[in-house]
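Q: Next come the chains, spelled out residue by residue.
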Amino acid sequence: RKEVEQDPGPFNVPEGATVAFNCTYSNSASQSFFWYRQDCRKEPKLLMSVYSSGNEDGRFTAQLNRASQYISLLIRDSKLSDSATYLCVVNTGFQKLVFGTGTRLLVSP
Amino acid sequence: GAVVSQHPSWVICKSGTSVKIECRSLDFQATTMFWYRQFPKQSLMLMATSNEGSKATYEQGVEKDKFLINHASLTLSTLTVTSAHPEDSSFYICSARDPVNYEQYFGPGTRLTVT
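Chains E and G, in that order, are what the protein sequence lines are. Mapped onto the working numbering, the consecutive letters of the first sequence carry residue numbers 1 to 109. Mapped onto the working numbering, the consecutive letters of the second sequence carry residue numbers 110 to 224.
The set of hints was computed from the structure by calculation and includes no laboratory data. Take these hints with a grain of salt, some might be off.
Derived contacts from chain E toward chain G, CB cut-off under 8 Å, selection only [claimed, not checked]:
{"id": "1", "residue": "Glu43"}
{"id": "2", "residue": "Pro44"}
{"id": "3", "residue": "Ala67"}
{"id": "4", "residue": "Tyr70"}
{"id": "5", "residue": "Lys79"}
{"id": "6", "residue": "Ser83"}
{"id": "7", "residue": "Gly93"}
{"id": "8", "residue": "Gln95"}
{"id": "9", "residue": "Leu97"}
The beta-carbon is built from N, C-alpha and C at its ideal position, and this holds for glycine as well.
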């Protein structure tokens with residue numbers, strides 16, 4: 001079983017749609033959680049950290065369920081520029097980041 | 110935000126040669142840097158943790174004699190791929206950890222093609 005699992009997609013949505021990504025992790029001792037965005041042939045960039053209480057940054061909302069070891073990302077009012085691969089990332093301790101394979105999002109006009 | 114640079118951004122080399130990739134933290138001192146590798150359509154995989162002034166810690170399955178890491182200063186870590194083979198062709202990405210907020214900042218990556 002992979003340490004971090006994501007649906008690879010792609011998710012094809014029209015502009016303005018709401019889309020949700022899910023992620024599960026296997027290490028119950030994981031300490032912190034993140035969503036990164038990676039554009040084609042580029043490095044990953046931090047989108048947002050994920051907190052147990054849930055957090056929101058503009059059109060993006062992240063949720064963490066420690067009991068179920070489940071993380072989600074919700075994107076509202078999708079823009080063309082949101083097209084990218086979204087990586088679920090877990091800090092398993094000692095600052096070691098474990099990356100999921102990513103979920104590809106394609107937003108069309 | 111913090112900036113991490115990598116050089117070169119891409120390199121093509123012949124099988125059997127060695128290639129050095131540099132990772133620099135430009136506006137903070139990083140005692141710890143990380144080297145990742147990403148094959149097409151796969152996730153980033155941590156190869157090793159580079160600690161300034163000490164030996165790197167390699168992940169299971171990564172050959173330390175093949176992937177030489179040197180972290181000689183607080184702003185520079187290098188990864189040398191020795192005796193490169195076509196299967197080493199990949200996207201190599203470094204990150205540097207900011208000692209103040211512990212956040213990792215990623216370099217732009219180096220695309221290595223071994224012919």
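Q: Next, verify each hint and record whether it holds.
A: Results of checking the hints against the structure:
The criterion of a C-beta within 8 Å of any C-beta in chain G is met by Glu43(E), whose closest approach is roughly 4 Å, and the hint holds. With its C-beta approaching chain G no nearer than about 6 Å, Pro44(E) sits inside the 8 Å limit, and its interface hint holds. A distance limit of 8 Å between C-beta atoms decides the matter here; for Ala67(E) the minimum to chain G is near 25 Å, and the interface restraint is violated. Checking Tyr70(E) against chain G: minimum C-beta separation of about 18 Å lies over 8 Å; hint violated.
Taken as an interface hint, Lys79(E) does not check out: its beta carbon lies about 22 Å from the nearest beta carbon of chain G, beyond 8 Å. For the restraint placing Ser83(E) at the interface with chain G, the shortest Cβ-Cβ distance is roughly 16 Å, beyond the 8 Å limit, so the hint is violated. A least Cβ separation of about 12 Å between Gly93(E) and chain G goes past the 8 Å threshold, and the interface hint is therefore violated. The beta carbon of Gln95(E) comes within 6 Å of a beta carbon in chain G, closer than 8 Å, and the hint placing it at the interface holds.
Because the beta carbon of Leu97(E) sits about 6 Å from the nearest beta carbon in chain G, less than 8 Å, this interface hint is met.
Checked against the numbered hints given earlier, this structure breaks hints 3, 4, 5, 6, 7; the rest are met.
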